[in-house]
Amino acid sequence: MMEDMAARIHPTAIIEDGVTIGPGTAVWDTVHIRSGAKVGRDCIIGEKTYLGPDAIVGDRCKLNAFVYVCTGVTIEEGVMVAANVTFTNDRFPRATTPELDALRPSDLEEETLPTLVRAGATIGAGATLGSVFVVRRFAMVGMGSVATRSVRDFALVAGNPARSLG
Amino acid sequence: MMEDMAARIHPTAIIEDGVTIGPGTAVWDTVHIRSGAKVGRDCIIGEKTYLGPDAIVGDRCKLNAFVYVCTGVTIEEGVMVAANVTFTNDRFPRATTPELDALRPSDLEEETLPTLVRAGATIGAGATLGSVFVVRRFAMVGMGSVATRSVRDFALVAGNPARSLG
Amino acid sequence: MMEDMAARIHPTAIIEDGVTIGPGTAVWDTVHIRSGAKVGRDCIIGEKTYLGPDAIVGDRCKLNAFVYVCTGVTIEEGVMVAANVTFTNDRFPRATTPELDALRPSDLEEETLPTLVRAGATIGAGATLGSVFVVRRFAMVGMGSVATRSVRDFALVAGNPARSLG
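Chains as they are written, first to last, in my numbering: chain F, 1 to 166; chain V, 1 to 166; chain D, 1 to 166.
Calculated from the structure, these hints are not laboratory results. None of the values given here were measured: they were computed from a predicted structure. Every residue, glycine too, gets a C-beta built ideally from N, C-alpha and C. Hints are supplied without guarantee of correctness; some may be wrong.
As the list claims (entries may be wrong) - Heads up, incomplete: computed chain F residues facing chain D, CB under 8 Å, no partners named:
hint, residue
1, Ile14
2, Thr30
3, Phe66
4, Tyr68
5, Thr71
6, Asn84
7, Gly130
8, Val146
9, Ser150
10, Phe154
11, Asn160
12, Arg163
Start from the sequences, fold in the hints, and give me the full structure.
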């Protein structure tokens, strides 16, 4: 039916200007999608999930509740992201002030780093993902993992730090 | 006083049809309780916490903020669940599409698996709990643990994966 | 400009009575700040973050989304707290009822324990922090860490449990 094709956005969700959301996608309560983010068709964006500026989510993805997707993250089609997953885009995040920066060790870089999650992959509940990070096609990051290195096609990784289980 | 006996529901909480909430229970801001869920009496359901369809929470439980309780979870009476705890009900969660499923390894099962948390147990902050999972009476799952095996009565487990500490 | 000096509070944020928020601070959507909490100037309090009763956040701090800051936590100036970080203030949290307490092991203490995060420190995404806990100046707690012991000035700790990496 035609009416099923439109995106369904919960009235408490906050969708900023310049966001693209495909048909058939459902956006749940108090989700916040920042300016420039793109969400494909037939996705579920679970409640309270955050999509940062310019984040990209492909078609038929399922993001569960409390997922934090920051700028620099690209999620391809058919990816499952379970509850409470946190993406990052900065190896050495910090609050900066002139006074503190004068005291701080100077060898810390600061830039927005990319993460790519390939088609069909799964990110388990409660996982935290490092930056400059690729999860290959159909790979799985186990629940609660802290994954800081790229994951091969079809691989399963788990643990803190995450290691390959096959 | 009689007026203390009614459940107190914050106006921003979303309570779907067919939910049962016992007297004396407090439900905080932007909590979402899905259809068919049951919450006992004198509980605290902390802010932004999610109770999935048909989830069960017994009397006098305290769930803190950002707790994700999915379908298949039964929490008995007097259980403490600290902030940011994530339950799961699927060993191999994934987003399914016909095209991707044709490419995907076929040995992955998909079903909703149960978790039981027995009376008096504590689940520490930030813990992630596997499915087909039982936490026994008065057991404690340490903060940040990733617990994938059942926990004995009175036991303390911690780590990723969680191991017994006594 | 003068109008930039006032704190900016999103209309969906809940700020209880007796809260102090400094000028230039931004409070995002559905943040909840409990009675007696103090937030300094030029901070960012990211969306859905919770500040418990009497929690203290210094000037120029950046707290990301889904951060849980409980009573007993003091965060000094210029601290970065990434998404999904959970503080705790109780070594043995539990839901208490007379019937259950009679059955429960009696050697568990219950009190609100303090945490201090010193100026310029960073707490990585998804980290969980124990109580009676000090993070020293410019120290960093790695993402996904479960940190239960104090961290030295300038140190980096990571893992579950968190260990020093230098």
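Here is what the structure says about each hint:
1. Ile14: Holds. Min distance 6 Å.
2. Thr30: Constraint on Thr30(F) satisfied, holds at 6 Å.
3. Phe66: holds, 6 Å
4. Tyr68: It holds, given that the least Cβ distance between Tyr68(F) and chain D is near 4 Å, below 8 Å.
5. Thr71: violated, 12 Å
6. Asn84: holds, 7 Å
7. Gly130: holds, 7 Å
8. Val146: OK, holds: Val146(F) within 8 Å of chain D, min 3 Å.
9. Ser150: Constraint on Ser150(F) not satisfied, violated at 16 Å.
10. Phe154: For Phe154(F), the interface hint is violated, since the closest Cβ of chain D sits about 24 Å away, which is over 8 Å.
11. Asn160: For Asn160(F), the interface hint holds, since the closest Cβ of chain D sits about 5 Å away, which is under 8 Å.
12. Arg163: The hint is violated - Arg163(F) has no Cβ within 8 Å of chain D, the shortest such distance being about 13 Å.
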